[in-house]
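Taken in sequence, the protein lines are chains A and B.
19 is the number of the first residue of the first sequence in our numbering; add one for each residue after it.
24 is the number of the first residue of the second sequence in our numbering; add one for each residue after it.
Please keep in mind that the hints were generated in silico from the structure rather than gathered at the bench.
Do not take every clue at face value.
Using C-beta positions, here's what the derived DEER-type ranges look like [stated by the list, open to error]:
#1 P275/B with G51/A: 47 to 57 Å
#2 P275/B with E169/A: 37 to 47 Å
#3 A405/B with A162/A: 33 to 43 Å
#4 D170/B with G51/A: 32 to 42 Å
#5 G364/A with E97/B: 32 to 42 Å
#6 P405/A with A163/B: 34 to 44 Å
#7 A162/A with E326/B: 39 to 49 Å
Incomplete in silico selection of chain A near chain B, CB under 8 Å [stated by the list, open to error]:
#8 A69
#9 G77
#10 S334
All C-beta atoms in this analysis are idealised placements derived from N, C-alpha and C, irrespective of residue type, glycine included.
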Amino acid sequence: MNVILKQAPATTASAKPATTIGVIFGATPGMPGMFNSNFDYQLVRGMLAGAYGEGGAFGELYSTARLIVDRDINSWAVEWGRTAERIEAIAEDCLSGGHVVSAREAFLRASLYWRTGLFYLESKDPRQLVMYHRHRSCFRQASALFDPPIEPVSIPYENGKTLPGYFMRASATGGRRPTLMILGGGDTTCEELYDFGGGAAAVRRGYNAFLWEGPGQVGAYALDSSLTYRPDWEVPTRYAVDYVLSRNDVDPKRLALSGHSMGGYFAPRAVAFEKRITAVIANSLTPECKPVLLAGMGLDPNAPYGDAAWDQIDLSEPMKKYMSTNLCQRLGVIEGSLPAYFDELGRYSLAGLEGKITCPLLNFAGEGEGPLMNGLGHAFFEKLTCPKTERLVRLVEGGEAHCQMNNPSLKHQIEFDWLDDVFK
Amino acid sequence: MNIIQKQAAVATAATKPTAATGAIFSNSPGMPRVFKSNFDYQVVRAMCTGAYGDGGAVGEIYATARQIVDGDLEGWTLAWRDTAERVERIAHDCQSGGHIVSAREAFLRASTYWKTGQFYLESKDPRQLEMYQRHRACFAQAAALFDPPIEPISIPYENGKTLPGYFMRASATGSPRPTVMIIGGGDTTCEELYYWGGGAAAVRRGYNAFLWEGPGQVGAYSLDSTLTYRPDWEVPTRYAVDYVLSRKDVDPERLALSGHSFGGYFAPRAAAYEKRIKAVIANSLLPECKPILMAMVKLDPNEPYGKDLESKLDLSEPLNKLFVTDFKDRCGMSGQSLAAFCDNLGGYSLAGLEGKITCPLLYIISEGEGPLVTSEGHKFYAKLTCPKTERVIRFVDGGEIHCNLNNPSLKHQIEFDWLDDVFKKNK
Numbered sequence: 019m020n021v022i023l024k025q026a027p028a029t030t031a032s033a034k035p036a037t038t039i040g041v042i043f044g045a046t047p048g049m050p051g052m053f054n055s056n057f058d059y060q061l062v063r064g065m066l067a068g069a070y071g072e073g074g075a076f077g078e079l080y081s082t083a084r085l086i087v088d089r090d091i092n093s094w095a096v097e098w099g100r101t102a103e104r105i106e107a108i109a110e111d112c113l114s115g116g117h118v119v120s121a122r123e124a125f126l127r128a129s130l131y132w133r134t135g136l137f138y139l140e141s142k143d144p145r146q147l148v149m150y151h152r153h154r155s156c157f158r159q160a161s162a163l164f165d166p167p168i169e170p171v172s173i174p175y176e177n178g179k180t181l182p183g184y185f186m187r188a189s190a191t192g193g194r195r196p197t198l199m200i201l202g203g204g205d206t207t208c209e210e211l212y213d214f215g216g217g218a219a220a221v222r223r224g225y226n227a228f229l230w231e232g233p234g235q236v237g238a239y240a241l242d243s244s245l246t247y248r249p250d251w252e253v254p255t256r257y258a259v260d261y262v263l264s265r266n267d268v269d270p271k272r273l274a275l276s277g278h279s280m281g282g283y284f285a286p287r288a289v290a291f292e293k294r295i296t297a298v299i300a301n302s303l304t305p306e307c308k309p310v311l312l313a314g315m316g317l318d319p320n321a322p323y324g325d326a327a328w329d330q331i332d333l334s335e336p337m338k339k340y341m342s343t344n345l346c347q348r349l350g351v352i353e354g355s356l357p358a359y360f361d362e363l364g365r366y367s368l369a370g371l372e373g374k375i376t377c378p379l380l381n382f383a384g385e386g387e388g389p390l391m392n393g394l395g396h397a398f399f400e401k402l403t404c405p406k407t408e409r410l411v412r413l414v415e416g417g418e419a420h421c422q423m424n425n426p427s428l429k430h431q432i433e434f435d436w437l438d439d440v441f442k
Numbered sequence: 024m025n026i027i028q029k030q031a032a033v034a035t036a037a038t039k040p041t042a043a044t045g046a047i048f049s050n051s052p053g054m055p056r057v058f059k060s061n062f063d064y065q066v067v068r069a070m071c072t073g074a075y076g077d078g079g080a081v082g083e084i085y086a087t088a089r090q091i092v093d094g095d096l097e098g099w100t101l102a103w104r105d106t107a108e109r110v111e112r113i114a115h116d117c118q119s120g121g122h123i124v125s126a127r128e129a130f131l132r133a134s135t136y137w138k139t140g141q142f143y144l145e146s147k148d149p150r151q152l153e154m155y156q157r158h159r160a161c162f163a164q165a166a167a168l169f170d171p172p173i174e175p176i177s178i179p180y181e182n183g184k185t186l187p188g189y190f191m192r193a194s195a196t197g198s199p200r201p202t203v204m205i206i207g208g209g210d211t212t213c214e215e216l217y218y219w220g221g222g223a224a225a226v227r228r229g230y231n232a233f234l235w236e237g238p239g240q241v242g243a244y245s246l247d248s249t250l251t252y253r254p255d256w257e258v259p260t261r262y263a264v265d266y267v268l269s270r271k272d273v274d275p276e277r278l279a280l281s282g283h284s285f286g287g288y289f290a291p292r293a294a295a296y297e298k299r300i301k302a303v304i305a306n307s308l309l310p311e312c313k314p315i316l317m318a319m320v321k322l323d324p325n326e327p328y329g330k331d332l333e334s335k336l337d338l339s340e341p342l343n344k345l346f347v348t349d350f351k352d353r354c355g356m357s358g359q360s361l362a363a364f365c366d367n368l369g370g371y372s373l374a375g376l377e378g379k380i381t382c383p384l385l386y387i388i389s390e391g392e393g394p395l396v397t398s399e400g401h402k403f404y405a406k407l408t409c410p411k412t413e414r415v416i417r418f419v420d421g422g423e424i425h426c427n428l429n430n431p432s433l434k435h436q437i438e439f440d441w442l443d444d445v446f447k448k449n450k
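Start from the sequences and build out the full structure, keeping to the hints where you can.
As structure tokens, this is what we get:
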């Protein structure tokens with residue numbers, strides 16, 4: 019098992035990788051190239067709308083994107099909101115006309131457009147919560163129209179609180195199935211894990227999927243702002259596993275956890291302690307969140323960070339603004355202090371856990387995430403003693419973006435084929 | 024039924040619908056704009072592919088497209104071939120590892136990339152046939168991995184010949200279901216109708232789909248080059264309907280025919296004579312193929328042309344070159360002048376059939392197809408006496424391109440919701 023999966027051949031000379039590989043997000047050849055800012059990545063993320071079954075609707079995406087001024091967060095929110103409204107109206111019409119499949123698919127698209135639109139808004143902007151609720155309610159309306167329906171779940175959590183999730187059954191027959199618990203990262207909701215997270219892909223392959231959020235993630239925090247991120251992710255994971263294993267359609271011997279983005283910290287952290295999980299996917303492995311976020315803000319990950327460093331942060335880049343406002347709030351850190359922010363992120367570290375991760379692990383990275391992330395992940399991977407597999411998706415494969423957002427077909431093929439083999 | 028469906032809100036001022044609007048193909052806001060030539064449309068066509076089930080692989084498409092110099096047909100062929108080879112290898116690896124769903128999805132993607140790569144090749148280029156066969160073989164391998172499997176069909180046709188097709192069952196139970204017969208147009212294979220043609224969308228909605236080709240279409244001609252296009256499309260349609268109605272899992276009262284592109288001529292033509300078809304979709308309506316196809320290649324359809332029409336054609340546009348090579352061959356006009364070819368296209372006309380089309384008809388027209396196609400189609404539509412529905416897809420809908428290839432979700436929602444309503448009373 020201790021293997022590096024076969025890589026695609028390196029890019030040919032004609033492939034012109036004249037490309038900016040940044041930290042986490044790069045302007046690589048597999049991207050639309052419509053925006054210079056992080057808008058391009060969020061556009062690709064939106065392009066999954068409609069793509070789980072019905073061929074996609076990227077014309078809807080392109081034509082919306084062409085109305086948006088690069089880096090203008092307000093125009094981003096307004097235009098996606100407009101498209102979301104239009105598609106939600108289609109969904110309602112289809113539903114009232116009895117066209118169930120069309121309704122379901124339009125609700126799914128509308129849900130993702132609401133999500134795309136709210137992305138960069140700050141928590142204090144009232145539109146953020148309104149759009150989140152539209153996102154959630156469209157998804158819920160779609161989920162009721164699946165066969166078997168996707169089940170909304172409230173996971174019992176500490177102090178009488180709950181965490182949001184959805185259970186997708188592989189089949190209605192009820193035999194025990196292998197199950198993948200799917201987590202996002204620093205900017206995700208459990209609803210969108212249906213798409214890029216692998217929910218739909220799981221069910222097609224006979225796996226149950228449990229889409230869920232821990233504290234601090236976008237939906238959990240939107241529903242209860244006392245739920246901020248915590249480094250000891252094994253705690254929320256314990257509650258999630260308790261729920262999943264309470265079901266009689268889950269095979270406890272074949273229970274995997276997959277984490278995306280910041281979930282590349284959460285998932286390995288959780289399995290170091292939560293031994294009921296029998297396989298883990300880190301996409302990609304993030305052993306230290308602090309240097310990655312420092313570099314993501316355009317700062318030197320090795321230099322000291324005082325508040326003087328604010329001058330070096332280009333807040334006109336929407337993702338940097340997002341990291342310093344919205345993400346900061348969900349970490350439970352008061353905005354405005356870089357030392358407080360990065361000190362807090364320093365607690366999100368896997369150092370010392372190398373030997374405690376014992377189940378099989380897949381480290382899944384994209385070349386477009388850049389050498390810093392690729393390097394940190396690989397260095398940690400090298401120290402692991404569990405059965406392990408590493409797969410770097412290269413530029414030429416067109417799945418090089420963070421979390422393979424631009425090639426879920428390839429992502430899910432790699433993930434589930436690996437799980438099939440692990441669970442044999 | 025005689026209605027114009029509710030339209031999306033008109034584009035706001037900011038939508039800039041000033042996008043160059045040509046005939047059939049244009050550079051509208053819902054396009055990727057990686058290329059200025061027809062390459063851009065073919066990129067979109069490939070983008071539909073992985074999206075039937077597994078979220079798509081837009082990165083694979085962008086990464087391939089970015090290796091290609093606009094207008095360079097050789098570069099186009101080679102870049103897509105490399106990607107097709109790579110993805111086909113993934114499919115084989117998945118299959119030998121027992122990962123059936125992953126294998127099926129990779130075969131589907133590879134199949135499309137083979138088709139995309141061979142698109143602009145001339146019939147005389149040996150790679151054209153070879154890449155077509157790879158396209159077909161990948162699809163056939165995927166087809167066997169569906170549950171129930173997609174069935175490859177040879178439709179008995181004239182003189183012992185056959186036409187290619189696939190039957191997709193809505194369910195394995197065998198009870199009679201509504202069925203949509205799907206055809207492409209001037210540059211399509213029956214395999215790719217699985218995606219944007221509506222095959223997958225049909226099955227998800229409880230319809231059987233029959234993906235098929237008539238003579239002259241890309242697969243039929245590749246398999247037998249005596250099979251060239253013919254205007255009397257009711258003849259091949261009769262054979263196709265004979266096959267479909269020979270099946271016990273088809274409800275004969277709910278049998279539809281949907282035609283795309285050049286199929287916007289074929290489908291209404293067939294329905295005028297073949298009364299076993301109970302509903303027809305024209306996407307879009309092509310009542311006169313000659314002026315529209317001439318305008319498509321930037322020839323003025325109103326200008327009288329002499330013998331030397333060749334010199335007026337800009338062959339640096341890949342689509343124009345395809346028009347006078349591969350497409351002309353498939354029209355049975357190989358070796359003939361462009362003027363003779365245009366005369367031949369004059370035979371593809373729906374004039375006089377307005378009153379003979381009696382089943383309900385849905386006309387889908389896209390703003391990006393340009394004013395000529397829009398007005399010609401609408402004029403014919405206005406004369407129809409059958410129950411009829413017209414749906415214009417605007418720029419703001421993001422499905423504004425020819426056959427709505429940039430928004431199959433919207434396309435299939437419109438088509439199947441309409442069929443649901445039409446067939447309610449045939450139950």
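Consistency of the hints with the structure:
1. P275/B with G51/A: 47 to 57 Å: holds (50 Å)
2. P275/B with E169/A: 37 to 47 Å: At 40 Å between Cβs, range holds.
3. A405/B with A162/A: 33 to 43 Å: About 42 Å separates the Cβ atoms of A405/B and A162/A, which means 33 to 43 Å holds.
4. D170/B with G51/A: 32 to 42 Å: Holds: the Cβ-Cβ distance is about 39 Å, inside 32 to 42 Å.
5. G364/A with E97/B: 32 to 42 Å: violated (54 Å)
6. P405/A with A163/B: 34 to 44 Å: Check passed, 37 Å falls within 34 to 44 Å.
7. A162/A with E326/B: 39 to 49 Å: 59 Å Cβ-Cβ, so the 39 to 49 Å window is violated.
8. A69: holds (4 Å)
9. G77: holds (3 Å)
10. S334: violated (21 Å)
Consistency with the previously given hints fails for numbers 5, 7 and 10, ordered from lowest to highest.
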